[in-house]
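Q: The primary structure of each chain is shown beneath.
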Amino acid sequence: MKASVGNVSFQIPNPNDQIPKRVGVWGLGLGIFWFCTAPLLAHHGFDTEYDAKKKVKLEGVVTQVAWTNPHMRVYIDVTGPDGKVVNWNLELTSPNRIRRQGWGPRDLMPGEKVIFEGYGGKVIESRGSLLSIRKAGSETYLFEQGKEDAEIAAEGRPVPAR
Amino acid sequence: MKRLPLIVIATAALGLVVYAQEERVRHIAPANPVVADKDVNSQPIPRLPDGTIDITGPWFGGGSNGDIEREGGLKPGELPLLPWARELREKRLPKDEPYTACLPMGVPRINPYPWKFAMTYTSKGLTHIYQLHETGDAGAHRVIYMDGRPHPVDPIPTWWGHSTGKFEKDTLVIDTIGYNDKFWFDSRGTPHTEKLHTVERWTRINFGRMTHQFTIDDPGALSRSVTLNFTASLIRPGIKDGGDLLEFICLEDNQYGVAAGIQGVGSGR
Numbered sequence: 000m001k002a003s004v005g006n007v008s009f010q011i012p013n014p015n016d017q018i019p020k021r022v023g024v025w026g027l028g029l030g031i032f033w034f035c036t037a038p039l040l041a042h043h044g045f046d047t048e049y050d051a052k053k054k055v056k057l058e059g060v061v062t063q064v065a066w067t068n069p070h071m072r073v074y075i076d077v078t079g080p081d082g083k084v085v086n087w088n089l090e091l092t093s094p095n096r097i098r099r100q101g102w103g104p105r106d107l108m109p110g111e112k113v114i115f116e117g118y119g120g121k122v123i124e125s126r127g128s129l130l131s132i133r134k135a136g137s138e139t140y141l142f143e144q145g146k147e148d149a150e151i152a153a154e155g156r157p158v159p160a161r
Numbered sequence: 000m001k002r003l004p005l006i007v008i009a010t011a012a013l014g015l016v017v018y019a020q021e022e023r024v025r026h027i028a029p030a031n032p033v034v035a036d037k038d039v040n041s042q043p044i045p046r047l048p049d050g051t052i053d054i055t056g057p058w059f060g061g062g063s064n065g066d067i068e069r070e071g072g073l074k075p076g077e078l079p080l081l082p083w084a085r086e087l088r089e090k091r092l093p094k095d096e097p098y099t100a101c102l103p104m105g106v107p108r109i110n111p112y113p114w115k116f117a118m119t120y121t122s123k124g125l126t127h128i129y130q131l132h133e134t135g136d137a138g139a140h141r142v143i144y145m146d147g148r149p150h151p152v153d154p155i156p157t158w159w160g161h162s163t164g165k166f167e168k169d170t171l172v173i174d175t176i177g178y179n180d181k182f183w184f185d186s187r188g189t190p191h192t193e194k195l196h197t198v199e200r201w202t203r204i205n206f207g208r209m210t211h212q213f214t215i216d217d218p219g220a221l222s223r224s225v226t227l228n229f230t231a232s233l234i235r236p237g238i239k240d241g242g243d244l245l246e247f248i249c250l251e252d253n254q255y256g257v258a259a260g261i262q263g264v265g266s267g268r
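Sequences listed follow chains A and B, in order.
Sequential numbering of the first sequence, starting at 0, is according to numbering that gives the first Met the number 0.
Sequential numbering of the second sequence, starting at 0, is according to numbering that gives the first Met the number 0.
Among the hints, a few may not be true.
In the DSS-like style, the derived pairs of lysine-lysine whose C-alpha atoms are separated by at most 30 Å in a straight line are [to be verified]: (1) B:181 with A:134; (2) A:53 with B:90; (3) A:121 with B:239; (4) A:121 with B:181; (5) A:52 with B:90; (6) B:115 with B:165.
It should be emphasised that the hints constitute simulated quantities derived from the structure, not laboratory data.
If we strip away everything but chain A, and leave its shape as in the complex, we get (with noise of 0.2 Å):
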């Protein structure tokens, strides 16, 4: 499914579409996966909340960058193909935690073009989980959810609280 914003368009991707059809490469295609996937599933509570099969990677203009307890939130405006404007929210950690890893509360202000990765909520699909999220023409990450948290997924281990 193909989106834009302004001149830029962009691909929502399809979990289906990275399947390999050959038996012989499903190994290779569930270890892409896995390695994928392994940061959102440890989020405290992503698996309650959110959906990993809804993984996004959009681009869209700054409405809000909530540093609030207990988990810090950015709200972005994504034009749809249609010409739709849905306000998504994006949960990361807590404010204290991305302070920490190096994020000011000038460094992202409203009004400013980013591109974000994301995974939807269950219910309502505009309510995700942030994986990533850079400045459009940049290459600096902003944020990402941490490898503990992966090294904890991968090792089937309960999600620790965050």
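Chain A is fixed; fit chain B onto it per the hints.
A: Structure of chain B alone, referenced to chain A:
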């Protein structure tokens, strides 16, 4: 041998994915930087003017969070839960975890944020130690009475219980009774009862680490008492931002569960 090329390709592809992930995270600093293993003896263990060992911190870790059994050093199934408690643990759902409703974590839980022992001196000496968590205590400080008072005979069950403490040489020993049965030992849902009695032995073994020997006695939920072991790490001194506890008001905007249409999260039981 026919599969060899496929295996090579798969290994290379996985390696590329790992490399890509490394590239993607290189701009992100560690969330909770602690004193590295190689630096744990880089300085002497600090002491207060009266000679008391300084266990203030701030620390990172040193308790349970995801799975008390594993994190405390036991093998799967070694925690001697009574059948009803084991059954309850299996039934509990993440959405019902009290912590997600901004309620206190309880003892010995420590989530991945800084915490400290605030050692409080009055004209009578060290009379109280407050255990302060950046997150997870819901603003309700845990008090450890160091003035020699006994436990009350019939305490009202509370989230942190009634704690008395004393130093045995350089080890802080905390004895606690009077817990309620509402908090979970971990995200897994490990339960306890109001009969819970805990003994914590905290020992700063060097500049950067403090061990925590934790004994649980709960005849309501366990068939015998059990001792677990944890280690806390000192938050690295001199961090520009966030080297100490930062403000955290959990109830400010807790939207947990809304994305999944869940109502009444954190009901506890």
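Q: Could you tell me which of the numbered hints above are not met by this structure, giving the numbers in increasing order?
A: Hint check: 1, 3 fail, others pass.
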